[in-house]
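So the sequence lines, in the order shown, correspond to chains A and B.
Just so you know, we're using the numbering used here here: the first sequence kicks off at 1 and counts up by one.
Just so you know, we're using the numbering used here here: the second sequence kicks off at 1 and counts up by one.
Bear in mind the hints are in silico, worked out from the structure with no lab data behind them.
Please note that the accuracy of each hint is not assured.
Label pairs and their calculated CB-CB ranges [stated by the list, open to error]:
1. Ser703(B) to Pro47(A): 29 to 37 Å
2. Lys315(B) to Asp219(A): 49 to 57 Å
3. Asp109(B) to Val37(A): 44 to 52 Å
4. Glu305(B) to Met6(A): 29 to 37 Å
5. Pro47(A) to Glu419(B): 37 to 45 Å
Listed next, the in silico DSSO-like pairs over lysine-lysine satisfying Cα-Cα at most 30 Å (straight line) [said to hold, decoys possible]:
6. Lys53(B) to Lys4(B)
7. Lys53(B) to Lys15(A)
8. Lys304(B) to Lys337(B)
9. Lys5(A) to Lys4(B)
Residues of chain A placed beyond 10 Å of chain B at every Cβ, according to the derived structure [said to hold, decoys possible]:
10. Ala4
11. Ile7
12. Pro9
13. Asn287
14. Gly296
15. Met355
No experiment lies behind these values; they were computed from the predicted model shown.
Ideal placement from N, C-alpha and C gives every residue a C-beta, glycine not left out.
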Amino acid sequence: MSSAKMIQPDLEFVKEITAQGGGESLKKCFQCATCSVVCNLTHSDKPFPRKEMLWAQWGLKDRLMGDPDVWLCHQCSDCTAYCPRGAKPGEVLGAVRRMSIKANSWPGFLGGLVGSPAGLLPLFLLPVFIFGAIIMGLGRLDHLHGPIVYEKLMPIPAVDTVFILTALFACLSFFLGVTKLWKAMSDSTGRAGAQGSVVPAIIETIKEIIAHKRFDKCDVAKGRASAHKFVFWGFAGLAVVTTVAIIYLYGFHWESPYDMKNPVKWLAFVSMLSLLYGIFSVIANRNANAGKAGKGGYFDWLFIYIIVGVALTGTLSWGIRLLDIAPLAYTIYFFHLVFIFCLFAYAPFSKMAHMVYRTTAMVFARHTGFDK
Amino acid sequence: MEKKIGVYICEGCGIGSSLDIEKLKGVATKEFKVPVVKTHAAFCGAEGVEVIKGDMQAEGVNTVVVAACSHRQFHDVFNFGADNICERVNLREQVIWSHGGEGEGVDEDTQMLAADYMRMGIVKVQKTALPTPYEPEAFVRNIMVIGGGLSGMTAALEVAETGYDVTIVERSGELGGYAKKLRKQLPMASPFTTLEDPTIQGLVNKVSSHARIKVKTGVEIARISGAPGQFRVSFKTPGTKSEWDVPPKVKEGEEATVACPTPAPDAEPAADQVSCSDILTIDPNAEIFGAIVVAAGWRPYEPKEGEFDHLGFGKFKNVVTNVQFEEMAAKGKIGAKSVAFIQSPGANEDDSDFPYCSSVTSMVSLKQAQYVTQDNSDGKAYVIYSHMRTPGLYENFYKAQQNNPGVFLTKGAVTGVSESGGGLVVDVENTILGEPVRIPVDMVVLSTGMVPATQFEPIINLAYRQGPEFKDLELFGGYCDSNFICFPYETRRTGVYAAGCVRQTMTMAECVEDATGAALKAIQCLESTNRGQAVHPRSGDTSYPDFYFQRCTQCKRCTEECPFGALDDDERGTPKPNIARCRRCGTCMGACPERIISFKNYNIDMIGSMIKSIEVPEEDEGKYRIICLVCENDAYPAIDMAGVKKLKYSADIRFIQVRCLGSVNMVWVADAFSSGFDGVLIIGCKYGDDYQCHFAKGSELASRRMDNVGETLKRLALEKERVKQIQLSIDEYDKIPDEIGKFMEVMESVGFNPMKGF
Numbered sequence: 001m002s003s004a005k006m007i008q009p010d011l012e013f014v015k016e017i018t019a020q021g022g023g024e025s026l027k028k029c030f031q032c033a034t035c036s037v038v039c040n041l042t043h044s045d046k047p048f049p050r051k052e053m054l055w056a057q058w059g060l061k062d063r064l065m066g067d068p069d070v071w072l073c074h075q076c077s078d079c080t081a082y083c084p085r086g087a088k089p090g091e092v093l094g095a096v097r098r099m100s101i102k103a104n105s106w107p108g109f110l111g112g113l114v115g116s117p118a119g120l121l122p123l124f125l126l127p128v129f130i131f132g133a134i135i136m137g138l139g140r141l142d143h144l145h146g147p148i149v150y151e152k153l154m155p156i157p158a159v160d161t162v163f164i165l166t167a168l169f170a171c172l173s174f175f176l177g178v179t180k181l182w183k184a185m186s187d188s189t190g191r192a193g194a195q196g197s198v199v200p201a202i203i204e205t206i207k208e209i210i211a212h213k214r215f216d217k218c219d220v221a222k223g224r225a226s227a228h229k230f231v232f233w234g235f236a237g238l239a240v241v242t243t244v245a246i247i248y249l250y251g252f253h254w255e256s257p258y259d260m261k262n263p264v265k266w267l268a269f270v271s272m273l274s275l276l277y278g279i280f281s282v283i284a285n286r287n288a289n290a291g292k293a294g295k296g297g298y299f300d301w302l303f304i305y306i307i308v309g310v311a312l313t314g315t316l317s318w319g320i321r322l323l324d325i326a327p328l329a330y331t332i333y334f335f336h337l338v339f340i341f342c343l344f345a346y347a348p349f350s351k352m353a354h355m356v357y358r359t360t361a362m363v364f365a366r367h368t369g370f371d372k
Numbered sequence: 001m002e003k004k005i006g007v008y009i010c011e012g013c014g015i016g017s018s019l020d021i022e023k024l025k026g027v028a029t030k031e032f033k034v035p036v037v038k039t040h041a042a043f044c045g046a047e048g049v050e051v052i053k054g055d056m057q058a059e060g061v062n063t064v065v066v067a068a069c070s071h072r073q074f075h076d077v078f079n080f081g082a083d084n085i086c087e088r089v090n091l092r093e094q095v096i097w098s099h100g101g102e103g104e105g106v107d108e109d110t111q112m113l114a115a116d117y118m119r120m121g122i123v124k125v126q127k128t129a130l131p132t133p134y135e136p137e138a139f140v141r142n143i144m145v146i147g148g149g150l151s152g153m154t155a156a157l158e159v160a161e162t163g164y165d166v167t168i169v170e171r172s173g174e175l176g177g178y179a180k181k182l183r184k185q186l187p188m189a190s191p192f193t194t195l196e197d198p199t200i201q202g203l204v205n206k207v208s209s210h211a212r213i214k215v216k217t218g219v220e221i222a223r224i225s226g227a228p229g230q231f232r233v234s235f236k237t238p239g240t241k242s243e244w245d246v247p248p249k250v251k252e253g254e255e256a257t258v259a260c261p262t263p264a265p266d267a268e269p270a271a272d273q274v275s276c277s278d279i280l281t282i283d284p285n286a287e288i289f290g291a292i293v294v295a296a297g298w299r300p301y302e303p304k305e306g307e308f309d310h311l312g313f314g315k316f317k318n319v320v321t322n323v324q325f326e327e328m329a330a331k332g333k334i335g336a337k338s339v340a341f342i343q344s345p346g347a348n349e350d351d352s353d354f355p356y357c358s359s360v361t362s363m364v365s366l367k368q369a370q371y372v373t374q375d376n377s378d379g380k381a382y383v384i385y386s387h388m389r390t391p392g393l394y395e396n397f398y399k400a401q402q403n404n405p406g407v408f409l410t411k412g413a414v415t416g417v418s419e420s421g422g423g424l425v426v427d428v429e430n431t432i433l434g435e436p437v438r439i440p441v442d443m444v445v446l447s448t449g450m451v452p453a454t455q456f457e458p459i460i461n462l463a464y465r466q467g468p469e470f471k472d473l474e475l476f477g478g479y480c481d482s483n484f485i486c487f488p489y490e491t492r493r494t495g496v497y498a499a500g501c502v503r504q505t506m507t508m509a510e511c512v513e514d515a516t517g518a519a520l521k522a523i524q525c526l527e528s529t530n531r532g533q534a535v536h537p538r539s540g541d542t543s544y545p546d547f548y549f550q551r552c553t554q555c556k557r558c559t560e561e562c563p564f565g566a567l568d569d570d571e572r573g574t575p576k577p578n579i580a581r582c583r584r585c586g587t588c589m590g591a592c593p594e595r596i597i598s599f600k601n602y603n604i605d606m607i608g609s610m611i612k613s614i615e616v617p618e619e620d621e622g623k624y625r626i627i628c629l630v631c632e633n634d635a636y637p638a639i640d641m642a643g644v645k646k647l648k649y650s651a652d653i654r655f656i657q658v659r660c661l662g663s664v665n666m667v668w669v670a671d672a673f674s675s676g677f678d679g680v681l682i683i684g685c686k687y688g689d690d691y692q693c694h695f696a697k698g699s700e701l702a703s704r705r706m707d708n709v710g711e712t713l714k715r716l717a718l719e720k721e722r723v724k725q726i727q728l729s730i731d732e733y734d735k736i737p738d739e740i741g742k743f744m745e746v747m748e749s750v751g752f753n754p755m756k757g758f
């Protein structure tokens, strides 16, 4: 019996999964494997999500934290829709990913804070204080006469300083998290010794992500993939706009707002619409499919509402400026900055982290041949 | 009674167009000189029935032969009261629907078949007398319930509430049984999700204060003699010897009345040696009861020395049985923070659960797992099973217990329990985790089974010739029952009904339902015996066996073979029938070599005459004649069903319904061959371990007798293939044409009966 492993269920882990939104149904699973059969994304060797359900029931935290399958799942919810016991494997895996984000986060306390409703207020107040202090410290409220130009409220160097620091922090946090996840996956799959460069795997993975190849295989919640595409392309477009704006500003000293004939303006406009349409489709899909696919928990909805906040305040900042209602425009712009801060600073701890960790798992699977 | 026979031939349902009705009428009028013979388009209609009733009034017809559909149809329409005889000739299901082409006119073989059935029907009524119900000499209406647990008390309460006096006999000092020793009980009502606080005390209070219920605690039964309506019960203090203890069954060849084992002359008589009285001696102080409910319950399985060594039972202090664990839980908090519940002891070799396990022990494990997590916030309970049984709505219970984060369920084979660092380690293989695992725990609970009390002792201690205990319990693993699918509560001892865990392991909710059923059966028995009627399965039958003892040779086959132990011996060794114990199957009649046992409306002469009434064609006509004796319980309905389904089979075969194959006397077979029949078939219920015989033993006894008759035939130079028994269950109607076809092939190969025409 020396080959047998000693099993020590982590009861707290089980309770944490079942306590919060998404994972309540975990214990209902009776291992019929319907989930693994209906899943269009799983590989045939040791398919998911059946084994993940069992590990989660048994509180085998270490196995789940090093399991690439947890991240290869795109939560199509086919499994949830077909589960005869209402165990909602898709939702449970979502909850496990929440636990994975928390476990890989640095600094750890932020992981806990973002994951819990109690952390909402302090996390939101932090950027309010930062930007409030800058405005007050520089006495910018006195400069708001004349046409609406948002730089009057918040000087560009100050914005850039805050966001560059925020981005650096997020990158560092992600780097540590990805390193930890990669090691856990290597240890647990025994595929640490993969040879060769990881670059081809990264390139292939990015191509796959851009095309949404996996997400498109989902059946039950088909709308999710297209909604996700709109959000994804919206953010991508806005990233291009931001990059161009930086080049304009520091390369050519062209300042915003740009002329309506400028193609960058058009790109920004289209991206904005895409993001708005996408995120509201996400909400509509989730509500429409709640019966079949589950409604998700706090963690999911926090992320959704941050994006809603970013998109709505961004759109309104532009619209109200054109309507020339100065006090309202400046107020909305202030909150736009707050939401963007939330999006970036908390990215490694919120559901935004899926962007990095799922990519990591996909690269790992491709690189090590785990996915074959 | 002076019989005036009326024959009524129905022309409905295609009978009129498939048969030559005038010719058929001729059978009655010419061959049997029947005074009244009529036809009608539909005798089952109001007008048709009026024709018969009119004849009964105007012409004085009191013996009616209705030649129409099967007697299983319209039995209420053709019921002319207990003062008249009514016989049905089955022209529809067994003649026109199963022979000849539909609407193709009259077929010669089918017409011959109908004529033979007509002859048999008329002969049968000629040989029938109206039965007079047996009147018991003495009769009481109270009921005794053995066992004061949940089932016993529920049965007693149901009996009392229905208006009968009842006495509960409980061996221990108080009522309540095992239900009183629980911390929590399994859910008793829908939705069956949550554990309940024990409710047994409420029932104890209700029973103790009920005016119709008498409670005897601290006593057990020394013997029960008599019969339903008049059971004489002798009580004694548990564990003591009594003069009224029942002597063991008399073995073959021993003197029947010398029943008490006498100690060897040179042996020192034991201090508590009391010589017991033989079974015929009447205890003058016995209490008298009309019927009995046995609710003796179960006892925890006691593992044999070293039986579960590999699981550490008896080796490690913290390996206990589920019963021991429940005791601990009822006393107080469970200290163990992690507990493994093991359902199957067979390691990798055998996936059976512990002996006497069931859905109840599965659910008890789920229940006890909750104790662990309730008593410790960080408690973990592992349930390792080969089978997890939560039938019916108890699935809700499984779901609810499974939802507890601290309960870990896995299918798996436990290969060993060992000690390690003050704790225990459970080794499990073939888990759903896909790999062998080792689980460290503080305690191991073995889900050992619930053994029926009847496995250990007779409980009822009957002073019957066939012995003090229930028969053939080994077929049911000791559970006190005669057929757990078709006839719940019925035992092989008439008037004694079983309820609760003594007859099948069941949950408390199921016990309540079961006890109610058994209580009703006991009442039904009283109310039938009272009127001289049989109980199940020939409920309401007022005929009973009559013995012509002058010709009895005391061979005791009837006493031995009666499935219900209805016969004892009298002082001279002659069989002594107890009619109230009799179920009217006729097994005694089939057994008797002297043919001295008969029923008023069912006897050797009647069936023999019916066989002889059939016209057997000469050999040169090229037609075989087969007599087929068919059990009324399953085989006859199956043959009717074959007719309903219009399945066709040979018209050379003649069916005669019998009460049970056990009642088939081999003289009928001899009669058939001497009358020129070419073969004899008997069709009845399946026998063996999974018997379906409604009288438990009838079809099995018939098969033994058929073996013997086969040898006799050989001596007469007749092929033994000419007789055959077929086992058929009620749903196997589709096999009938094939089985008959096979037998006809045998006939073709052995040829005609050479004794034809002698």
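Tested hints:
1. Ser703(B) to Pro47(A): 29 to 37 Å: violated (55 Å)
2. Lys315(B) to Asp219(A): 49 to 57 Å: Holds, at about 55 Å.
3. Asp109(B) to Val37(A): 44 to 52 Å: Because 59 Å falls outside the window, the suggested range is violated.
4. Glu305(B) to Met6(A): 29 to 37 Å: Holds, at about 31 Å.
5. Pro47(A) to Glu419(B): 37 to 45 Å: holds (38 Å)
6. Lys53(B) to Lys4(B): Roughly 13 Å between the alpha carbons, so the hint for Lys53(B) and Lys4(B) holds.
7. Lys53(B) to Lys15(A): Distance ~80 Å between Lys53(B) and Lys15(A) Cα, so the pair is violated.
8. Lys304(B) to Lys337(B): The given pair, whose Cα atoms are some 29 Å apart, holds under the 30 Å limit.
9. Lys5(A) to Lys4(B): Violated. Lys5(A) to Lys4(B) sits at ~89 Å, over the 30 Å cutoff.
10. Ala4: violated (4 Å)
11. Ile7: violated (5 Å)
12. Pro9: Not fine: 6 Å to the nearest Cβ puts Pro9(A) too close to chain B.
13. Asn287: Label holds. Min Cβ-Cβ 26 Å, cutoff 10 Å.
14. Gly296: holds (20 Å)
15. Met355: holds (31 Å)
Hints 1, 3, 7, 9, 10, 11, 12, counting from the list given before, are not met by this structure.
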